[in-house]
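A.B. asks: What follows is each chain in one-letter form.
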Amino acid sequence: MEIVVGSLLNGLVYGMLLFMLASGLTLIFSMMGVLNFAHASIYMLGAYFAYEISRWAGFVPALILAPILCGAIGAAIEIWGLRRVHHNGHIAELLFTFGLVFIIQRGLQMIWGMLPMPYRVPPALDFALFTMYGANFPAYRGFMLLVSAGMLLAIYLLLKKTRIGLIIQAALTHPNMVSALGHNVPVVFTTVFAGGCLLAGLAGVIGGNYLTTESSMADAMGPIVFVVVVFGGLGSLGGCFVASIIMGMIQTFAVVFDYTLGDLLVPLGVSVGGDNLLGEILTVPMARIGPLLPYAMMILMLLFRPRGLLGTRDT
Amino acid sequence: MILEVRDLHAFYGQSHILHGVDLTVDEGEIVSLLGRNGVGRSTLCKAIMGLVPPLGSVRYRGKDIAGLRSDLVARAGIGYVPEDRQVFPTLTVRQNLELGLKRAGKFGRWTFDDVFRLFPNLAARQNNPAGVLSGGEQQMLTMCRTLMGDPDLVLIDEPTEGLAPLLVEQVGVLLAEIASRGVAILLVEQKLTIALKISHRLYVMGHGKIVFEGTPEDLSANGDIRREWLEV
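As you go down the protein sequences, you meet chains A and B in turn.
Its first residue numbered 263, the first sequence is counted upward by one per residue in the working numbering.
Its first residue numbered 660, the second sequence is counted upward by one per residue in the working numbering.
Bound-form chain A, shown alone:
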């Protein structure tokens, strides 16, 4: 029981972190058709900026400034990079963002080196929020949940209650029509791209010290975020949210449950073992299959429901 509740909370924390990254990516992808490989790199930048700023000015300024910096970088990338590359088609855009991944990673390594950064949870938040079944729930995780919930609310209000939100929603499905009604779609694109990068930066700030701030953190996060986007469905923030939470839960639960596929068959009266390939596969513990599960689920989703969980169009 304590494992279940603890894992639920941890899965939620991780899922919200995923959503913070994936929401920006899915908006950018469905609206502009740009598969932004560098999205996770911006997340990494956010963590490094947060580390550097919190060294000089403390965590709260970092929490505010680092995402804004990331948003500004995002706007710059869109205006001076993507918009120019756009005329040459999607392949050019893809290569462009792919190149950015390396530039950002190498750049970080040149400035900060290869070693993990000592970016720590701020002391003010470094205590046990409550104790549950003998295990401590760190206050920082509570703080992460709080920030994520705030972000969720802010995005919701922005998209549903403001005019720019309406324009963004309309441009998700019919960018040409939005333009023909007299709305400046390039500016909307820049806003969305910058907003997405801002969220990625925020995820870096609060995720960097929860996980580890190092130059490979983008590689660890990037693929899983793409899985979330595809699984949740293009053009749907709701689907993206559900997918994030599911992936967060799967990854957390897979680690704590020490079952094998073979154990699932035991109640059916089948016992497995032995030295053959099948026995080998069936006796691999869940914890080792866990990291694979999201990808397997993505493939199944693409095969049987290409538009994703709540998507509005096919991938």
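All clues given are correct.
In silico DSBU-like pairs for lysine-lysine, Cα to Cα no more than 35 angstroms straight-line:
hint: 1; chain 1: B; residue 1: K722; chain 2: B; residue 2: K765
hint: 2; chain 1: A; residue 1: K422; chain 2: B; residue 2: K761
hint: 3; chain 1: A; residue 1: K423; chain 2: B; residue 2: K765
I should point out that these hints are in silico values taken from the structure, not numbers from a laboratory.
Based on these hints, arrange chain B on the given structure of chain A.
C.D. replies: Showing chain B alone in chain A's frame:
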């Protein structure tokens, strides 16, 4: 003259769709553009709107607008109603109309009340997602959405396509209402009866060119043109 198109060419990829179109619309005038499917009438609208890159001259009240970004063409004063009724399906009817406004709360000739008075159906469903409306309602919504932006000229592409006779009549009523407010109309239409009834002038297009220009009477009198370019 509100719109003057001279020697307009347009391409979709490699295929040459418009082969030098000449066309004019006067202030407050209703002009119909007739022709069979695939002769380039929709492409002409898109090229004027900047949704397809135009080659040639497009002048709006004397100002060259050829190739401007669509939102700038729209802000110059041209409204566009596409043939495929691009309502924003996830937004409500009212939100769709709101996005027709070029600036929040800035109304011109048309207000929400006008729309809802003309189409009580839309009023009743103003808080429903536009995606669940019937084809006819979506058509009315698309037209009204464009009107909310207060254009002085509207390009309306096949508004009656696939509509039941009663709804075709409603489209006719709306067109008359638009004209009565001094808005010029360039109407792409398949149904000869409507075009002949409401237009001041008509163009017939064939193979990416204008092949006939004249009044409804001229066209009625000219059986050859109708047989060669219109009747199936």
